[in-house]
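Input sequences plus hints: build the corresponding full structure.
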Amino acid sequence: MTAFLEVDAIGLSFAGVRALDGVSLAVERGALFAVIGPNGAGKTSLFNCISGVYRPQAGRLALDGRDLGPLRPHEIAGLGVARMFQNTALFENMTVLDNLLVGRNHLYRSAFWSNLLWLPSTRREEVAHRRRVEEIVDFLHLERYRATPVQILPYGVRKRVELGRALCMEPRLLLLDEPTAGLNQEETEDMARYLLDIKAELGTTQILIEHELRFVLDLADRGAVLDFGRKIAEGTPDEVRVDPRVVEAYIGTARADEAAS
Amino acid sequence: MTDVIMLAAAGLSLGAMYALVALGFSVIYRASRVFNFAHGELLGIGAFSMTSLLAAGLPWPAALAVAMTLAGLIAAGVERAVVRPMIGRPVFVTIILTLFVALLLRALMIVIWGVQPRAIESPFGEAELAVSGDAAISYQTLAQIGVAVLAMAAFFALLKYSRLGIGMRATSTDQEVAQALGIPVGRVLGATWFLAGMLAGLAGVFAAMKHAMFGHESTLIIAFRAFPAVIVGGLTSPVGTVIAGFLLGLLEIFAPVYLGPHLGGFGHNLQNVFPYVIMILFLMVRPYGLLGQRDVERL
Amino acid sequence: MPTRKLVTRYEDDLRLFPDLWHKVGLGLGLAIVLLFPFWVSASWLTVGNHALVAIVGAVGLMVLTGFAGQISLGHAAFLAIGAFTTAVLGERWQVPFWLCLPAGGAVATAVGVAAGLFALRLRGLYLAIVTLGLLYLVAHTLESYPSLSGTGGAKSVGMYVTFGQSPAEMRDVYEKMAYGPVILDWDQKLYFIFLVVAVLVAWAARNLTRSNAGRTMMAVRDQDLAAAALGVNPVRAKLLAFATSSFIAGVAGGMFALQQRTVTVEYFNLQISVEYVAMIVLGGIGTVWGAVAGAVAFVILGKLMQTLAPSLPYIGQLPTGLQTAVLFSILVIVVLVIEPLGLFGLWLRVKRYFLAWPFRY
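Protein chains in written order, with the numbering used here: chain A, 1 to 261; chain B, 1 to 299; chain C, 1 to 361.
Because the hints were derived from the structure by calculation, they are not lab data.
Owing to the predicted nature of the structure, the values given are computational and were not obtained by experimental measurement.
There's no promise every hint is true.
Stated by the list, open to error - Listed next, the stretches of chain C that the computed footprint assigns to chain A, with coverage defined by at least 3 CB atoms under 8 angstroms from CB atoms of chain A:
| id | region |
| --- | --- |
| 1 | 123 to 135 |
| 2 | 228 to 239 |
| 3 | 258 to 272 |
To be verified - In silico SDA-like pairs for lysine to any residue, Cα to Cα no more than 25 angstroms straight-line:
| id | chain 1 | residue 1 | chain 2 | residue 2 |
| --- | --- | --- | --- | --- |
| 4 | B | K210 | C | H140 |
| 5 | A | K199 | A | F215 |
| 6 | C | K23 | A | T148 |
| 7 | C | K303 | C | A202 |
| 8 | B | K210 | B | L247 |
| 9 | C | K303 | B | V101 |
| 10 | C | K189 | C | T46 |
| 11 | C | K351 | A | E92 |
All C-beta atoms, glycine included, are put in the ideal place defined by N, C-alpha and C.
Right under this line is the structure:
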């Protein structure tokens, strides 16, 4: 039996810098998988490879048995790979609703000229998708921001909008790039709860990037640790926590006791 | 052979003008992230003030220096009054802004100098240097190429070795960091525009001397034909734009002679669009120009 | 009193004129627009026709630049293609005008899609310069073939109503005629035809903004890489924007040709492209209303300045063509420095003032 997402020995380098060096991962369906590593370890590059923004020079990627190699980013997204970005990449001049509706773009079927002429099919489709978007607005408590342009929203809300936009895609695989970076304690806890709810209610497979070890290991089922583009450990949170290579490479020897506690 | 030498000389002198204009464009773009569509008018200011200064009895080199300075001052003024408040605005805002500034400058020139065509006398007269056989190149053409190359060399030396040059390079890389390091970014921007304006003024004088009489269009045309050189060279690369300027100048002279007759009706007045054709073909191969940087996109 | 009707159905949220005030506004607007040609003098009626052409052209550019974020200085090229297609079709085969306009749009679309395919890899200023190149190329091509652009640089445009009309029958179009109880002269006829086209075009563009096609264009404008990672095909979105925009511009060019009755290649220069960019920036980028308001304001201000300019110091000395241009440049520069959102920003301020009334914030 093969895993839901298979990353097989991918390698990626930019002008001589090796961002990823033979990284392999296997993520099971429905899992909440953590990718951990210090800055510049290649975590975001890994996501960019999975979602097709970068093309790895070596190795193979497969989702549910389908090779992702030849696909372009929007085609991979069409397979149900959704993404939340590290520094939020929202559509700044659009409202929250419009941002969420863009997430449903690959589920739209009506033709361009039908949009142009506002034919009944387009009208019905807009209403149907709006209905589903409202469920997500409800789930993430975004009601009061519906018609607000996202550029004037506070950072914590923007993160939620971005999660909502990803959820609107009805994803099978959710890539979360540091969803709690820059959030305060309360917002971080909210975000953690949303992620656990997504896992419990929707059963979506999630891959979570974090550099804060404790937060992520409390949430995840399994995790892998990257350092300088290589995978140095993989396993359950308990295994990763005590792995000597992780302790040394990531936390530094001096503080190893603190991490283990 | 005779033809080739004479055409090459013409191409190089045209290319020198393009290079001067394109170099100014590119350094302004690097400094302010603005594509200065008012550059063509700076050429005009150089050329027209030259006529007035010569008429006032100034010797040729002094008049040229004053004309260049004047064009530089106008450029710096445009930067301070209009461009600087626009930092951080969307690209199309700066585009139409400089285009409208161009219109205003053109109107200003018409108010000052009127619409009558004028002439700049060459200090060398009609004298020519015989090369080989029938080929002869006028001293004026040679001097133009020489002065342009000298001006550009001086500019690059300034960019490389002087304190101001270091400030310019730092500012074009990252304004905020430059400011934090104590570089007077405002003054550096002003100086950048001033220098670019001087180069434009010089190019303007040359462009005016291409014709016995010149009007407001003659200088503008040169500037608009120099745009492609900027793009082909790579917006962010001063060296690239200079190379592209010379290349396009040469191509523009040679193409109508050797290519034009084969294109039928389209080949008539081919030089009007030729730089743009070259630019479009070139961008198909390298969308970021000859020496320009490919934007690294991050998520 | 609630300021807004409570929305209870998603359908209501998608309406163009959702509440009473919008409907009152619509009614008033319609009344003014329909009565306009009977009230005003001939010269202001011409201004009205200009405004309608400008509205169509500006909406076309708004789709490309405002929605999809592709900066174009080549808009005049598409206008020119539409204008000369209309002229040539009328001259050669006496094609009726209601076919000429979409045909002009179709030819412009073909060129626009070709340009779009090429522009896919370019951004921002590179695209601006390439579209400028497109403008020069189109102008040069037209000028190179007098069979297209007319001898001596000008081509006259005929307006045929049905196929195979003789020149004598065609002349009726330009005469004053009774249509049932209403008597319309040529300018008035043109006004109503243009009005229908402008309303259709604005409506279609507005439909884009409230449906998936327009949203994907705007997503590409704001964040193209993120849009791709969300399943938006950026190539498709950009090409659709180029196609729609150039089609509309082609129609606008055809309208312009019908109105002018003589077109020259010279007219379609960079200045025209810039004027259209100025219109959409003045009106406010990203909305159809911005394009409409910008176009109307531009044409009306232009007319006012034409009458004002000769009496002003310095500006009065300039050639007439330059006078209005100079006044307009000053206006645009001032607006851009003071109110970045253009007329739309001004409108937002007024709206906010009245929403908060009688308080002032």
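Here is what the structure says about each hint:
1. Counting residues of the region 123 to 135 of chain C whose beta-carbon sits less than 8 angstroms from any beta-carbon of chain A gives 0, not enough to reach three: the coverage restraint is violated.
2. Here the region 228 to 239 of chain C counts 7 residues with a CB under 8 angstroms from a CB of chain A, which clears the bar of 3, and the coverage holds.
3. Counting residues of the region 258 to 272 of chain C whose CB falls under 8 angstroms from any CB of chain A gives 0; the rule of at least 3 is not met.
4. A distance of roughly 23 angstroms separates the Cα atoms of K210(B) and H140(C); the hinted pair therefore holds under the 25 angstroms criterion.
5. Taking the CA atoms of K199(A) and F215(A), the gap is near 16 angstroms; set against the 25 angstroms cutoff, the hint holds.
6. Only pairs whose Cα atoms come within 25 angstroms are accepted, and K23(C) paired with T148(A) is accepted, the gap being roughly 24 angstroms.
7. At roughly 23 angstroms between alpha-carbon atoms, K303(C) and A202(C) fall within 25 angstroms of each other, so this suggested pair holds.
8. At roughly 19 angstroms between alpha-carbon atoms, K210(B) and L247(B) fall within 25 angstroms of each other, so this suggested pair holds.
9. Between K303(C) and V101(B) the CA atoms are separated by roughly 21 angstroms; this keeps the pair inside 25 angstroms, and the hint holds.
10. At roughly 12 angstroms between alpha-carbon atoms, K189(C) and T46(C) fall within 25 angstroms of each other, so this suggested pair holds.
11. For the proposed pair K351(C) and E92(A), the alpha carbon gap of about 22 angstroms is at most 25 angstroms, so the pair holds.
Violated hints for the displayed structure, listed by number in ascending order: 1 and 3.
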